[in-house]
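**Q** Listed below, chain by chain, are the residues.
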Amino acid sequence: MEKATVLVVGGGIAGLTAAERLGRAGVRVILVEKAPYLGGRVARLHRFYPRMCPPRCGLEVLITSIGSFPHVEVHLLTEVVQAQKKPSGLHTVTLRKKPRRVKDACTACGRCEEVCPAEKTGGIFPGQRKKAISGSGGWGHPAAYYIDERFCPGESCSLCVQACPEGAIDLSQQTEEFTIDVEEIIIAAGGKLYDAGLSKEYGYGRLPGVITSMELEVLFRPDGPTGGVPRNPFTGRSLHRVAFIQCAGSRNNNHLPYCSGYCCTVTLKQVQYLHQSLKDIQTYIFYQDIRTPGKNEDYYRFIRDEYCPVFIRGLPSEIAYEAESKKLMVKAVDTLSRKTVAGKFDLVVLAAGLTPAALPEFFGIERDGYGFLSGHGPCDPTELRRSGIWAAGCIQGPMDAEGSVKSALAAAAQCLVRLRQEPAVSPELDRKKCDRCGRCAKECVYGACVLGEDGYPAVSPADCRACGICQGGCPLLCIHLPGCESKNIEAIIDQARKEEKAERTVLLFLCKNDAYPAWVKLTGKENGNSYRGIVPVPVPCLGAVNPAWVNEALIGGIDGVMMVGCHPEQCHHGAGAALAETRLQNLKETLARMYLEPERIFLVKVTIDDSAKLAREIQKFGGILARLGPSPFR
Amino acid sequence: MHLIDLTNLKKTEILDPLTINIAARCEQCGKCGSVCPALIRQPDPTSLLRLIQLGLVGEAIDSPLLWSCIGCAQCNAVCPQKLNVLHAVRRLRRLSARESDACFPRILLDFLFG
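Chain order of the listed sequences is V and G.
Each residue of the first sequence is one higher than the last, beginning at 0 in numbering that gives the first Met the number 0.
Each residue of the second sequence is one higher than the last, beginning at 0 in numbering that gives the first Met the number 0.
Any given hint could be a false lead.
Stated by the list, open to error - Just some of the chain V residues that point at chain G, by a computed CB distance under 10 Å:
id, residue
1, R240
2, F310
3, R312
4, K330
5, V340
Think of the hints as simulated: they come from the structure by calculation, not from any bench.
By construction, the Cβ of each residue, glycine as well, lies at the ideal position given by its N, Cα and C atoms.
With the hints as extra help, turn the sequences into a complete structure.
**A** Next up, the structure:
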């Protein structure tokens, strides 16, 4: 296979999986990660559910494999600044690489951390601080330390340089920016936990002993700050009663309205951690609904039967700290028994939901209402309507590690498909007619049509999906899809006009995806005789119908034009049906000014299986046309 | 309002392991509560199991349902978790009769003899 370049944004489990698979397939890959270490949030976990295996085992395999490919480049501390598409179909991406200031010679001995005088926030637990030079805190790839340039006093201090036995510290490194050209981009930027401190009633960041489930993971890790013995990270006291609060900020209209889907199973996993590592332990789960989809239900039953955590169906309204006993008071209403319950706990764990990571806007990608790149589900969840750009992992929506890996594999497969596929039939431009208005590039839903430096649009064939929306919008009819071009339409109109036997002639534009099969089914059943005078014209999408055609048809003596497409929210190409509706509305206004009845244009939305509705609508339109009489231009 | 102390759920000790297990595995779906033909369902079997889940065994032992139950075992038949709900009711009834001040519940006497 020809060596192509794919940019993978994000070095979490999704990004690593995608990069490794593409690397195996021989594709040249550039992987960028914002953080100083690879692995993302998965690297901080203690165990995966339901097999309870250590996540770092899988990460180690991926990273080792990636390291063995000379054609896979990894850039840490690197962010995407800007991405632009060129007419050739390549993406020009500007990257900014922050300095690590520690060279690979670092052995992670930790002597620099001991002498470093600069502190910063961002320790493992809320309110904790750490040194400006620090390691990954256990397992980390790479092992080398990292200096946070925002807090380091720089060469005026240089204590770490003197302390380092390997001479690995180089304080002169600076931020650099560079530009690369890539064919495809996989966005695996992941998500970030919803800030639990925003749910003020739970006192995260204020009360000692309130942590998030992500932070609880660290307490069990043998290489974590407590050496794998769970205790209250603030007071150091042992744990006997631990409360879990589900939906901390999720399914809540003041915070995140959606369910993150994995937190319930995570809590059950952590109940298992606690009972396995401590003898005198009781666990309590405050919940709205336990949502363990699919096979995770088995895990829920197992935990419930094995460890008998107390399930309280009701969320607490407040958590209070009792200074005397150094415990947290949690009060809630158990909605199953309608009784108020209260208890004192050593640790309260908040199951915070997931939000999408911040991404530069210039990818020009549609996001869903919550900011995720959820794709065109269910048919094509990796489809972002930006050809050559795919999403993987938590940027698509909250998901667990298994889901992330699955979506990364899907994105990698899509990359390979695009590299190998035969290009679709793409539109051709009549450069003599084009006045470079740029409307086609603006309306192209796939971002395949791009204005070149000379101002003329260019379509990269690998990215075009032949929807024809560009030809539908072109005011000068100078861009057209082969096989569905203006000349054919003129011929069809001429043909239709010759059908003089019919009482009236109607042009019927049908979306090839849904409306045309419905029409075929309809006429096949009733042998088409009752539809004499109707000339069907299949188009790739209603968006491909140029209003000028409709205009021409009506002026040329056709009695009526019927447009049959999908419901706008179901349009295969996203914007096609909606664009057609707007364009027709404009045309109707023009027609009204020309004293031609706007009712002669009839827009219908049908689904592929609704031939009956199509028949009814044709009847209805027939009635309207009978009332209006024959076309004045006939 | 009576406040239940969650951190002191030790009153279940007088119950047998099977009853505790039945209560622990109950999903509170409410099927037994809706199928129960007992005339006085105070509380219904679902809520009775919830009381045990919350450690309120005393309240469960005092409940009139125990004496209204006719032992038809429809609760067992409908339970999606295949739990022996009737066993829990019978066991509680036995415990109730064993109390030193046990007597036929007032509510039932009123119901039967006006």
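**Q** All hints are to be evaluated individually against the structure, with a verdict given for each.
**A** Hints versus structure:
{"no.": "1", "hint": "R240", "result": "holds, 6 Å"}
{"no.": "2", "hint": "F310", "result": "holds, 7 Å"}
{"no.": "3", "hint": "R312", "result": "holds, 7 Å"}
{"no.": "4", "hint": "K330", "result": "holds, 8 Å"}
{"no.": "5", "hint": "V340", "result": "holds, 4 Å"}
In summary, this structure violates none of the numbered hints.
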